[in-house]
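Asks: Just so you know, the sequences run in chain order A and B.
Quick note, the first sequence lines up with residues 1 to 369 if you use the numbering used here.
Quick note, the second sequence lines up with residues 1001 to 1369 if you use the numbering used here.
If you are wondering where the hints come from, they were derived from the structure by calculation, not from laboratory data.
All residues carry an ideal CB built from backbone N, CA and C; glycine is no exception.
Treat the hints with care, since some could be wrong.
Okay, the calculated bits of chain B under chain A, using three or more residues with CB under 8 Å as the criterion [to be verified]:
{"no.": "1", "stretch": "1105-1117"}
{"no.": "2", "stretch": "1142-1148"}
{"no.": "3", "stretch": "1261-1268"}
{"no.": "4", "stretch": "1300-1306"}
Below are the BS3-like pairs computed for lysine-lysine, each with C-alpha atoms no more than 30 Å apart in a straight line [said to hold, decoys possible]:
{"no.": "5", "chain 1": "A", "residue 1": "Lys305", "chain 2": "B", "residue 2": "Lys1098"}
{"no.": "6", "chain 1": "A", "residue 1": "Lys305", "chain 2": "B", "residue 2": "Lys1105"}
{"no.": "7", "chain 1": "B", "residue 1": "Lys1060", "chain 2": "B", "residue 2": "Lys1098"}
{"no.": "8", "chain 1": "B", "residue 1": "Lys1060", "chain 2": "A", "residue 2": "Lys60"}
{"no.": "9", "chain 1": "A", "residue 1": "Lys305", "chain 2": "A", "residue 2": "Lys332"}
Number of protein chains: 2
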Amino acid sequence: MKLSLTQENLSRALGSVGRVVSSRSSLPVLSNVLLATDGNRLRLSATNLEIGINYWIGSKVESQGSLTVPARLFSEFVSNLPHGAIELAATDNVLTVKSPHYESKINGIAADEFPLIPTISNDPVLTLDAGIMKEALVQVVIAASADEARPVLAGVYLYTEDNTLFLVATDSYRLAEKRIELPGDAPQAFSAIIPARTMQELVRLLGEAEGDVEVYLDEGQVMFRIADVELVSRLIEGQFPNYRQIIPENAETSFDIETAEFSRITKVASLFARESAGSIKVDIRAEGEVSVVSSDSEVGGNTSKAECEVSGDDGEISLNARYLTDALGVMKSPVVTFAISGKLNPCVLSPAGENASDDYIHIVMPLRT
Amino acid sequence: MKLSLTQENLSRALGSVGRVVSSRSSLPVLSNVLLATDGNRLRLSATNLEIGINYWIGSKVESQGSLTVPARLFSEFVSNLPHGAIELAATDNVLTVKSPHYESKINGIAADEFPLIPTISNDPVLTLDAGIMKEALVQVVIAASADEARPVLAGVYLYTEDNTLFLVATDSYRLAEKRIELPGDAPQAFSAIIPARTMQELVRLLGEAEGDVEVYLDEGQVMFRIADVELVSRLIEGQFPNYRQIIPENAETSFDIETAEFSRITKVASLFARESAGSIKVDIRAEGEVSVVSSDSEVGGNTSKAECEVSGDDGEISLNARYLTDALGVMKSPVVTFAISGKLNPCVLSPAGENASDDYIHIVMPLRT
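With the rest of the complex left out, here is chain A (with noise of 0.2 Å):
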């Protein structure tokens, strides 16, 4: 094997790549990345046998041939290289990187070693453009489960109906749920449940891409491709909780705010929560006051207050203060609605003011004091 290419579009790409790359693995060929020729370009291909990663980048080849390297030492040497010319020749599992000023040899392990990363060859069950897709990625991935105990709601819930795609994880004490309206004729019914760690990969990738992403679908697996890298994950086998039925219907009580606002007198009142694992109250007065609270502990205790408009009666919910602030993080609207039923159903955020755009909603389950 032996190459030229730049040093932006290698480093740019081992970056990407890199963050699969299982450092801890038993099996050392997995802390490697692929390097193989093909055609005109570079593909770079890295796995932690549940997540892969194919990149293929423009390079000048000469010889074909592909080899695996470290992936850590390689990707942090080749972002210390100063931009332009970078050349890569590959002989007897070492690989010799030639800049202007700068000569290294790294030892590879064959490529035959590495696992197949398998591609997906149907047509693709949908197009996407890029940034919808990770908007509405980092506003529903945040409530699946970090744990794997039920391992459906360690994932993101994708299906379509009629001509609307539905995006939805919960972890069983929030959940979000996306829906993104698809352009042109009805499109191609499908459902999947991908893992929630695949997703935030897909969001990183996605980072600031133009253009469409590609969902492709087969037995148990899912990839997505971006222009020229292609992520490729196992599917969650299993089936989606009905989630429908504990969304509330109507609002006993319900108030608008400025989400910023929201956010800082429910952290400022979370200070005084740990101790009580971060439970706070909001108490909603019907004469256009909401309240977050901490009751007294060793520590002390916080009313935090803000003026609003309140439809309804009087109210009040207990909730953990991170589910709320993580709910009004992911909001994109300046303004937010709050809707609650009593104290033992859960509360509804969702966009509210001029202009927002009523395709989304974040359900907090209420703690039970």
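Take the given structure of chain A and dock chain B to it, following the hints.
Replies: Using the frame of chain A, we list chain B on its own:
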């Protein structure tokens, strides 16, 4: 105690004094910050029994008094409040904090349990521009020892000689010396070894400070005063090593190089030197080239080169890459001189190029290979 002040001033003061609070002390009151009225000002104090800070801020004091409250909680709380006026009131060891929309109670500990932070009422032994002091400390403190095995090496040695202030630190592997010419008449003669941790704290306090810093010395103690802030610390007892004898007087080989370029080729080489505990070789060719070489190891090997102006013969020296990177990192001048006399003597780094001042040297001991 009852008073009002601005969120901005209180938050800034808490940020500064909070850093010396020992969060894991066996004495609970040491996790607290002392609030005490002092005429028309509020004094905030914190100490870890080695370093103490007194910080005064202007306040509208209605009634005098004092109380200590948990530093971390109080600081986080205040930093999250909106800008503007804050009211503090203490009754029965409870601090009530009011600002528009926020009301909190924080349980405290009586002020008389808080240790006294001594002040020094002598005349200052030195008055220096805060910016000059900060820059000098940054360049020197990095060479101090991080462990206390030899206490004097865990400090920065300050002394005056003729019209010059010397700041010196060494961990026995490297040494940094900064000289500052003092204006006016002969300064007061003094010498003191000040803990490196105190100096790091002083660097932070000097931050963007304008004006002068005053240095006060007393039996076993040092105090720095910057406007309304006093930093008090114990001194280190003992004799600082007679360091001048290890500074080489002449060089067999030396070269001038751009500081950033030298730093970059060292960093790249160091990536390959992890197995050899950071050992790299600087190889100088009289015809005008320097290489930084990490010898072949299990991961591979690297040679990084730069062109430069060499005086004298060929030469080489083995160094710990981190010490070289550290030294280059605190070098202010865009060009640096690197000088050696054989592979067994220390190397000397000093500012070079146009307008470079001749007031700093950084010495790194060689590795014997």
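Asks: Against each hint, give a clear statement of whether it holds in the structure.
Replies: Comparing the hints with the structure gives:
no.	hint	result
1	1105-1117	holds (count 3)
2	1142-1148	violated (count 0)
3	1261-1268	holds (count 4)
4	1300-1306	holds (count 7)
5	A:Lys305 x B:Lys1098	holds, 11 Å
6	A:Lys305 x B:Lys1105	holds, 15 Å
7	B:Lys1060 x B:Lys1098	holds, 14 Å
8	B:Lys1060 x A:Lys60	violated, 72 Å
9	A:Lys305 x A:Lys332	holds, 22 Å
The structure does not agree with the numbered hints 2, 8 stated previously, though it agrees with the rest.
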